[in-house]
Structures are given as C-alpha cells and as structure tokens.
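Respectively, the protein sequence lines represent chains A, B and C.
Residue numbers for the first sequence follow the working numbering, so the first one is 1 and each next one is one higher.
Residue numbers for the second sequence follow the working numbering, so the first one is 1 and each next one is one higher.
Residue numbers for the third sequence follow the working numbering, so the first one is 1 and each next one is one higher.
Since the hints were derived computationally from the structure, they do not count as laboratory data.
A quick note: this is a predicted structure, and the numbers were derived from the prediction, not measured.
Some clues are possibly wrong.
[What the hints assert, rightly or not] Derived DSS-like pairs (lysine-lysine); straight-line CA-CA distance at most 30 Å: (1) C:Lys114 x B:Lys110; (2) B:Lys232 x B:Lys159; (3) B:Lys232 x B:Lys220; (4) B:Lys139 x B:Lys159; (5) B:Lys395 x A:Lys16; (6) B:Lys87 x C:Lys114; (7) B:Lys153 x B:Lys220; (8) B:Lys207 x B:Lys218; (9) B:Lys159 x B:Lys207; (10) C:Lys114 x B:Lys139; (11) B:Lys395 x A:Lys197; (12) B:Lys220 x B:Lys207; (13) B:Lys139 x B:Lys218; (14) A:Lys197 x B:Lys445; (15) B:Lys153 x B:Lys110; (16) B:Lys218 x B:Lys159; (17) B:Lys139 x B:Lys153; (18) B:Lys447 x B:Lys281.
[Unchecked claim] Covered stretches of chain B (chain C as the covering partner; in silico rule of three or more C-beta atoms under 8 Å from a C-beta of chain C): (19) 98-106; (20) 125-132; (21) 140-151.
[What the hints assert, rightly or not] If the Cβ cut is set under 7 Å, some of the chain A residues that face chain B in the computed set are: (22) Lys197; (23) Thr198; (24) Asn199.
Even glycine gets a Cβ: it sits at the ideal position worked out from N, Cα and C.
Listed here are the chains, written in short residue letters.
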Amino acid sequence: MMSAEQTARYVPDRLKSPAARWVKSWESLLIVVALAIFLVNSFASPYFLDPWNLSDASFNFTEKALIAFAMALVIISGEIDLSVAAIIALTSTAMGYAAQAGFDTPMLVAIGLATGLGCGAINGLLVTGLGLPSIVVTIGTMSLFRGASFIILGDQAFTSYPASFAYFGQGYVWWVFSFELALFVVAAIVYGLLLHKTNFGRAVYAIGNNATAALFSGIRVGRIKFILFLLTGLMAGMASICLTSRLGSTRPSIALGWELEVVTMVVLGGVNILGGSGSIPGVVLAALIMGMVTFGFGLLNVPGIVMSIFIGLLLILVIALPIVYGRLSRRWAKGAA
Amino acid sequence: MRGATTKSVCFIQRHQTIPRKHHLLQDTTPSRIAPAITLEGISKSFPGVRALSEVSLTLYPGSVTALVGENGAGKSTLVKILTGIYKPDGGSIRINGEPVSFPTAHAASKAGVTAIHQETVLFDDLSVAENIFIGHAPKTRFGFVDWAFVNDKARALLKEIGADIDPSIRLRDLGIANRHLVAIARALSIDAQVVIMDEPTAALSHKEIHELYELVEKLKASGKAILFISHKFDEIFRIADRYTVFRDGRMVGEGLISQTTEDQLVRLMVGRDVGQVFPKKQAEIGEPVLTVAGYRHPTEFEDINFELRRGEILGFYGLVGAGRSEFMQSLFGVTKPSAGAVRIDGDIAVIRTPSEAIAQGIVYVPEERGRQGAVIGLPIFQNVTLPSLGQVSRKGFLRMAREFALAREYTARLDLRAASLDQDVGTLSGGNQQKVVIAKWLATKPKVIILDEPTKGIDIGSKAAVHAFMSELAAEGLSVIMVSSEIPEIIGMADRVIVMREGRIVGRFDREELTAERLVRAAAGIGAVPGEGA
Amino acid sequence: MLNMLLRSRELLLLVAIAALLVVVTWRFPGFITLANLANVYNDTSILIILALGQMVVILTRCIDLSMAANLALCGMVAAMLNFYVPGLPVLLLVLIAVVLGTALGAINGLLVWKLDIPPIVVTLGTMTIFRGTIFLLSGGAWINAHQMSDLFKSLPRGIVAGMPVLSWLSLAVIVAMLVVMRRTPTGRAFYAVGGNPHAAVYTGLDVGYTRFKAYCLSGGFAGLAGYLWVSRYAVAYVDIAAGFELDVVAACVIGGISIAGGVGTVPGAVLGALFLGIIKNALPVVNISPFAQMAISGTVIIIAVAVNARAERRKGRVILKRAEHVA
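Required output: the full structure, derived from the provided sequences and hints.
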C-alpha cells in the first residue's frame, strides 16, 4: 500500500516538540519582521524610543487589536465579520445618545457593551439561524448599523460625555501604560487561552477545518458560530467605548474603514482567511507591527494614505512570499534530483 | 458459474505467498492489430506515496480491456494521467505509434481520449446540454457557441444511450442515476479513439446497466479502444476481451479474459496471504436496543421501519444512491426527517442534532471519510478526542495528558499505523484514517454504531482488521448497523440484512436465507440479474 | 405557474422593483413619468456597468474589493491628463482609462491565478495600494471642474436620440455582456469555473486563467467608470467613490448573484443595480432623509441574501423517483 507509515505497533505521541515546530512558523517570521521594523524605526527617528511616544503609539493599534482577537476566531471558524466598524459607530451613537440624556459612565459602558452584543446577535442569527454566507450578511449589516447611526445623528455629533468617561481612552493604569494597553494585554491573554487551551477553541479549529466533519462529530457548529459573532460584537463595543472616550465625541463616520484594517491585522497575524488555522500570538505581533509602522511613518510625516500603501503591500508580500518560496524550493529540489 | 459468489464465509484463504514476478500469461493478441494507445514505464509519485511504478498498458481498437485492482492500486491515478489531469513523472505515451503528451485535460481530449470518471464531475447550475458540451462546444463563425447544434446533438446522444432526459433542464434537478448518464453522454460527445470507463455501473439500475453493455458493444464495433475499470467480476467476464491487473502501483498481470478465471484474477489483485477477511464471531443477540418506525423524508426515503437488537450486526444493502446513507444521516440527526419515531432501549428518543444522537448512544461513521469523518488539518489525537472533549477537559480547559491518553488507548485498540499521534490525519492512508474515525466513536462508549461503507476504498489488510473489530464489538454487546454495497462483506458479516432501493425497504433477510442472488435481485428490482444462469 | 414564477430570481426582483415603484409613486406621483425614470436610469448607469464587472468576478468564486479604488485611480489619471496635457483627445483619455483599469485588474488576476492568494486578501491589499497611488500622483490636490476641458465634462451628458451618452453606454455594456455570457465559450466558462472548479479541470477549462480574465474585465469596466465618474461629477480627488465597492457587491447580491459562485445573470445584476438606484433617487422625493439610504440598502441586502438562499437551498438528494421532477 502507500508505505508511509511505520509497522511498529507503538505509536509515539509526538515526533517534534512544540518548541521545534514554533521555530519554522509564521509567528517566528513575524517576530523577525517586528524586530526589523523596530530597529529601522529607532534609527530613522530620534523620537521613536521615547517611552511616552511609544505609549502614544499604542493607541494606533490597541482598539483595532481588541476587535482583531475576536475577528481571528471568527475567521478561523471559516466566517468573517465586516460589520465591526459599523458596530463601533452604532455603539458610539447609542452611548452618545445616552450621555446626552444624562446617563452616567457605568450606564454608558453597559449600553455600549449591550449594543455591541445586540448587533453581534443579529449577525449571528442571520448566519447561523438562516444559514446565510457571512461575507454578504455582514456587508448588509455593515450598511444597516452605520446607516442607523446616520439616521440618528445625521451630520451632527454627540460631544457631551461625562468627565469620568474619558478614562477609558485617555487614562493610564501605571506610568506610561494606558488603560487601553492594559485592556489589550488582558484581552490577548483571555482570547489566547480561549482559543488555544479550551474545548471551545478546539471546536473553533475543527469547524474551520471541516465544518461538516465537526458537525458529524457532535460539535454544535451553529451555537459556536453564534457565540463567535456575539464576541465580535462585544469587542467592537469595547473598542467603541475606548475610541469614543479617546475622541470625546461621536460622529456617524467614526472608525470608517476599520473593518478592513482589522482583517488585515488578522491575516498579517498568520490566520488563514479561508479558516482552520492561526494563533493569537500571531495577531498580537501583527498588531505591534502595524502599530509601529503607523507610528514610525507618522513621525516621518508620511500621510496616512501613503502608509496604507505600505500596509497593503505588506499584506500581499507576507502572504505571497511563503508560497513563492515553497514553489522555488520545490523546483530547485527537482532540478537537483 | 462465473460471477455470483456463494454463501461462504471466507472470501480469500490462501496460505502460500505468491512470488512477486511479472505474471504474464499467454498473450495471443494478433500482432498485426496496431495498438490504439500504449503506455510504457509510467511512474507517478506524490509526497510520501508512490502511486504508480513503471506501469505499462496497451489498448487495442475494437477491444475492451478490463483494469482490475484493489482500491489504492493506482487505477484512478492512471486514468487521470490518461486524461491529462496529472502528468507522469516518467515513461511514455504513444498514440498510433507517435509519442504524445497531455499538458492539459484539453490536450488529452483533443488527442482522442475521453473518460467517464468515477466521481461525477459536472456542473449543477448548467443545463444537461451545456454539461455535455462545456469545454468543447462547437463555435459559429464569430466565435460564439453554436447552441442549436449543441442542443440537437445533446438530444441525439442522450437518445443513443437510452437516457430519457430533457437536455434543457438543469443538472441539479436530476437524480443520481441520470446524472451519471449525463456524464456518459459527455464522454461520448468527444469523438475519441480511447474511451475509459471507471466503475460506470456503480450508480445505475438494472435496465440502465443492460443498456450500457449494449453501448460498449457498439463502441467496440466502431473500432474504439475501451478501458473498463470495475470490481464486479460478472461484468468483467461478460464484456471484456483482455485484462490488466494492478497491485500497489505496479502492473502484475495481463492477458486474455478467455484464458483466466476469477480466482486467478483475485490472486493477482491481492498477491499475499491475508487470512480471513470476514472473521465472524458468534455474538449473543439480545433485546431490541433500537426501534425505528415510520421514518420519512420528502425526497430521500420513506416508510423506514426496523428493529436492531443488542449484539447484532444488521446489514443494509442496496445500489449506490438507494437512500441508505441519507436515512442513516437522518437517524443520526444531521438532516431532518419529515416524520419518524425512534426508541432506544425502549424509551422514546428525540434526535435533532448529532450531539443529541451521541448523547443517547448512537454514533455514525460516515461514508465519505475525508469530507465527513475525519477533520483533515487537525492531528490524529485531536480527531480522536473531538466528540469526547468533556472527558479530556476540566471546566472547559483541555488537559493534554488526558487527551493523549484517550487517543493512545483507542488507537492502540484499532492497531493504528502512524508515525506519531501528532501528525495530520490527512497524511494517513485511507485504512488508517478509517481507524481514527472509528476510534473516536468508540471513545464515546456508544450503544449503537452505524458504519457507512466502512471498508470502501481501503486496502485488504485494513479491511480484515475493521471486520474483526466489528465482530468483537458485537460480541461485547454493541449493536452494529453496517451499510455496504459489497456482497461478500454483507454475506460475511451480517446477522440480518435489509435491502433498500430508491428510498424504500424492498427486502429483509435472515442470515440463513442470504444468497447473493436474492440480494442483487431485491436491490435491482424485479427481473433476472445479468449473467445469472449462464 | 406560481411556482415557476417564484423560482425565477429575476422575475421576483422585477416584481419587487414594480412594488417599490408603486409605493414611491403613491407618495409622489411625479416619479413614474418617463422623463424621471430615464433620469433614474441615467443616474444608475455607472453602478450598472460596475455591477456587471463584479458579477463576472463573483461568478468565478472570487471577489473584487478594489473596484472603487481602481475607478478612482483611472478617473484621476484621466482628469490629470486632461488638465496637464490639453491637446489629448477625450476619446483617447477614455481609452487610456479603460486600458489602465484593465491593467490594474490584471494585477489582481495575476496574484489570484499565479500565486493562489485568496481574492479577498489580494483585493484588500490592492484597494489600499491603488488609493494610495492616487495620492502619490496628485499630491492630494483636487482636479476641479474649471480645470477640465468642456468636452471632457460634457461627453457623457451629450444627448443622442433622446438619451444621454452615459445611458447609451451602459445599455451597450449590458447588450455586450448578454452576448458574452450566453454565447461565448468564455462566458460559459465563468459559470463552470465558479460552479464547480474541481470539475472544471476535468473539462479542460483553465480555472486560473478564467479568473484572470474575469478580473481584467472588471478592471476594464472600473476604468471606464472612472472616466465617467470624474466627468459626470466634474471633480477628481483621492477619496472619490469611497466605499462604492460595497454598493457594487450589494447590487450583485440583490440581483441574485450567489457569493458562492456559478449562479447569477446579467439581467439580475442590472435589476439589482436598478433597485438600489431607485431607492437612492426615491428617498428625497418621498421625504425620507438621505441619511436613511444606507440603512435601507443594508436591509435590502439582507433580505435579498435571505430570499436567494432559500431559492438555492438544495432539498437533499433526490432519491425517491416520484420526487425527481418536483424538486
């Protein structure tokens, strides 16, 4: 037969230790890239290594990264949620409305998270209840949610937030470490454990690799996907609290285009857009990379839109290089043989 | 009488090893007939697997050559090379003496090679006529597709093969047998010298099989060279002139059909001592553990009623597309029936999802291993623990040590051959993948295990292991439902057999009454089976 | 009969459009005049052209999120050439826009074909690259109406036989696409490749090359739309048509083009675009705030997807003989 297996009856658990696997992985490539960018930035500008500047820089990625963690799980499961930026807008609008009505900060937070969850539930119901493809559903809800913001706000803005609300986006936990940065770290740990160490995370990987076989294995695919959409909604709500607090105001055009930046962060982090593989450490590294690039370019006064060319190129290169490398090495191997 | 197998329990029992030499029997092909196509020294490897080694094959015009071999012997790889889907690593192909190569599928069909593949590779959303002509539709002067011609020719082709199908309807609306007929029409729409048929009768009814045989005769008479792949010996001996046997990627024998016997072919196919393939232990059959009443589905099956007793192996026989898998998946909670009641150990059971089925002790090993059974991309141990995550975790957090322990226990029970439990289940052979799938279900300690074509496409060694295991399970008090389309397997292993045809139960047999004849008759419908009584 | 009616996505959409028109006309009888309807059609022409391009890409199981950026870049190039090189004939500029658009589409196509990168990733990347390039070319400056030549601006508006050139153009594109999709081998290949890429290989179709062609086509249409856009709105800057790619995808989805590939028709895409166009034009006259447009589009997309999904849903394998022709 296909004589690839041994005939020994004893089958060892592992051949390679997990550490050995890590060396050749995407994450280690990202570490190299991150270090390289860090070094380049340090040389390019004297302002880069200042702790307070770095702390400011972190705001570039913390809010998006919060969403990216949940988005990573959604994409690993084989779906996608393009409505996250719109959820930020609607959540922010809801909070602004409540703030104007005089509600205090704890209530605002509750409303923010609840709105996020509600939007996530709508996405989840459409995808799992009706079985609709998530890419078009979330394009629809994206318009619906942001459209709702537009209906409520028009071209106005909410600006009257209670003073204590500013803490989330502008407050510091200790020295240079902002609340947002602390939240980012906590979220990274929570999602890292969730994805890599729990039954739930295992089920997510199974669904992403083969949803049919997962279903046949008794995994409650529908329920898990629904929860994943709740999570992206929740994280978008959280990000919205941070962002609104940081900006101190709400417009319907808030976070425009963020959904694609979040997806970029996730894919850059090594998550396969088709589902089935990826890790939270990878997403963390990608967030750091994107944050550093944005900050570094900002110090050099490069306009945001040119920065995004770089991000776009980075995205394509980073996906293409392993493929090209793989093909070339196979061709060389064949040539040598 | 060639063809029909008898009621014997042992299918193969050879105790001498066969020397692995080239087994060329007397080949009295008149040398003045020029071959239509010759393959010499063809080799093909994939990562970790040598699918074909220096294979040679010659097809003659006006002659049918049967290609025989176990699954995994390299037959479908050869077909893919002949049709330009794969490129050989080495060797040559000659048509009418001239060396040719097929860089694309298109090149192969232009060179005059056409095939009816085992899997129906057609387009659901296109019409029947479009399916027949896509890729080679004749064009008008301006480069547009000549639809008038396409529709007429499609109609004519379908008529020729006796298919009562309207060429303008969408393929999606056809049943499985008709889809296969469209595939046949497509193969014939290419004016080819070489026609390859890969298990063409698997999905056809008795009447359609008859018409296929007539078609083969017609093609033969018009001088085409036909390569006929089948594992049904009655077919082979009825329509083939020559034979070629593949084993483990090598050509191990060829010659004239008239000069060989079924036993000889089998010996060439298998080539080694395998012992008993159908070891059946006598199990104590107890009370009914599962009672199914009135199961119905709008398009797939109806009127399904039966009982399964403890320690019993209940076989479900039928042709491909009879509705057996569809019913089993409904029972398991994957699809919703429109009506039906289930009792487990006497209590009414509500099964709406697979997890509910599993919780109540019913598990299902699906027919399509790669698509429904194993999660390719995950390692072996993760596949084994997937339905039992509760067992290997504490408060939702996975415990690696427990996972590996569970995986070790159950893969050892099934004698899994793998380099490590951490390797991707997709790198295993079919037989070993099947073992992983079965292992994962055993870990849930079920009452009823449904096996859907458990040994389809796996090597004979693993086949024997799976059967032995089934028997052991029954002896331990588990109840087994075995869906199978292989008569020797059903006759060898089942205590009782239920036969389905076109979504209904058409026969029930106890072990004592089992004959191949009765099964085939019931599965095919009324009328004599071709080849019988010859 | 009702069953057959319900089964045709396009007919259903036509009925929905008719219902929409009825509702609007009830509130504003002036809407349904020929002149107004022609105006709505003219307004929707660019979306129709883009939707037809996106349709082809989606049919092959891909997606093109870079269409709007492509449009903007080509439009900017055409406008800049028109301003900085005044001697160039406008038709040449249109040609340049189309060729540039096709080349940009070809970049997408090559990355998908030769490097096997998932289309959503490719077009996400090229989307930002194309947009950023506009900035690099223009330095952030706008090209305004007074900087464009008269012919440049007036070409799409010129009335020929009662309809503006823009309407004629979109009509021509529709007819051309009808012919291509139904009567050419490439057209059928788009359906086959998207419907069953695995089987397509067996039939000798080159899946990658077919997708490449799809992207070239959508790029070319985006290029054409680029000129039409900057000319019609008489302005060119970095952010034109921002977010429009989602409107285009929405039009396709509403028109019954399945995101899974292999399913969808030219009439469907056109009707989908018209549906959105009518909504956009109807809102102001029915006294609904234009801010509601987005939410309405979103709702319509969701409803369209749900309706189409029902229609596509396979009712299980057809095994019972009597069920064969009912399915």
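Checked hints:
1. Under the criterion of a C-alpha separation no larger than 30 Å, the hint pairing C:Lys114 with B:Lys110 is consistent with the structure, at around 25 Å.
2. Using a Cα cut-off of 30 Å, the hinted pair B:Lys232 and B:Lys159 holds, with the two alpha carbons roughly 27 Å apart.
3. Note on B:Lys232 and B:Lys220: the hinted pairing holds, with a Cα-Cα distance of about 20 Å set against a maximum of 30 Å.
4. For the hint pairing B:Lys139 with B:Lys159, the CA-to-CA distance comes to about 23 Å; that is within 30 Å, so the pair holds.
5. Proximity of B:Lys395 to A:Lys16 is assessed by CA-CA distance (about 29 Å); at most 30 Å being required, the pair is judged to hold.
6. A distance of roughly 19 Å separates the Cα atoms of B:Lys87 and C:Lys114; the hinted pair therefore holds under the 30 Å criterion.
7. Proposed proximity of B:Lys153 and B:Lys220 is supported: the alpha carbons are some 21 Å apart, at most 30 Å.
8. Annotation: proposed proximity of B:Lys207 to B:Lys218 holds, straight-line Cα distance about 17 Å (limit 30 Å).
9. A distance of roughly 15 Å separates the Cα atoms of B:Lys159 and B:Lys207; the hinted pair therefore holds under the 30 Å criterion.
10. Proposed proximity of C:Lys114 and B:Lys139 is supported: the alpha carbons are some 29 Å apart, at most 30 Å.
11. Using a Cα cut-off of 30 Å, the hinted pair B:Lys395 and A:Lys197 holds, with the two alpha carbons roughly 11 Å apart.
12. For the suggested pair B:Lys220 and B:Lys207, the alpha carbons sit about 20 Å apart, so the restraint of at most 30 Å is met.
13. Straight-line distance between C-alpha atoms of B:Lys139 and B:Lys218 comes to about 28 Å, which keeps the hinted pair within the 30 Å bound.
14. Taking the CA atoms of A:Lys197 and B:Lys445, the gap is near 25 Å; set against the 30 Å cutoff, the hint holds.
15. Among the hinted pairs, B:Lys153 with B:Lys110 is consistent with the structure: their alpha-carbon atoms are about 19 Å apart, no more than 30 Å.
16. The hinted pair formed by B:Lys218 and B:Lys159 meets the criterion: a straight-line CA distance of about 14 Å does not exceed 30 Å.
17. The hinted pair formed by B:Lys139 and B:Lys153 meets the criterion: a straight-line CA distance of about 14 Å does not exceed 30 Å.
18. A threshold of 30 Å between alpha carbons decides the hint, and for B:Lys447 with B:Lys281 the separation of about 19 Å falls inside it, so the pair holds.
19. Given a C-beta distance limit of less than 8 Å, the hint that chain C covers the segment 98-106 of chain B holds, as 3 residues qualify and 3 suffice.
20. Coverage of the segment 125-132 of chain B by chain C holds in this model, with 3 residues showing a Cβ closer than 8 Å to a Cβ of that chain against a need of three.
21. Counting residues of the segment 140-151 of chain B whose CB lies closer than 8 Å to any CB of chain C gives 4, so the stated coverage by that chain holds, three being the minimum.
22. The closest approach between the C-beta of A:Lys197 and any C-beta of chain B is roughly 6 Å, which is under the 7 Å cut-off, so the hint is satisfied.
23. Given the 7 Å rule on beta carbons, the hint for A:Thr198 holds: about 5 Å separates it from the nearest Cβ of chain B.
24. With a least beta-carbon distance of about 4 Å to chain B, the hint placing A:Asn199 at the interface is held under the 7 Å criterion.
Hint compliance for this structure: every hint is met.
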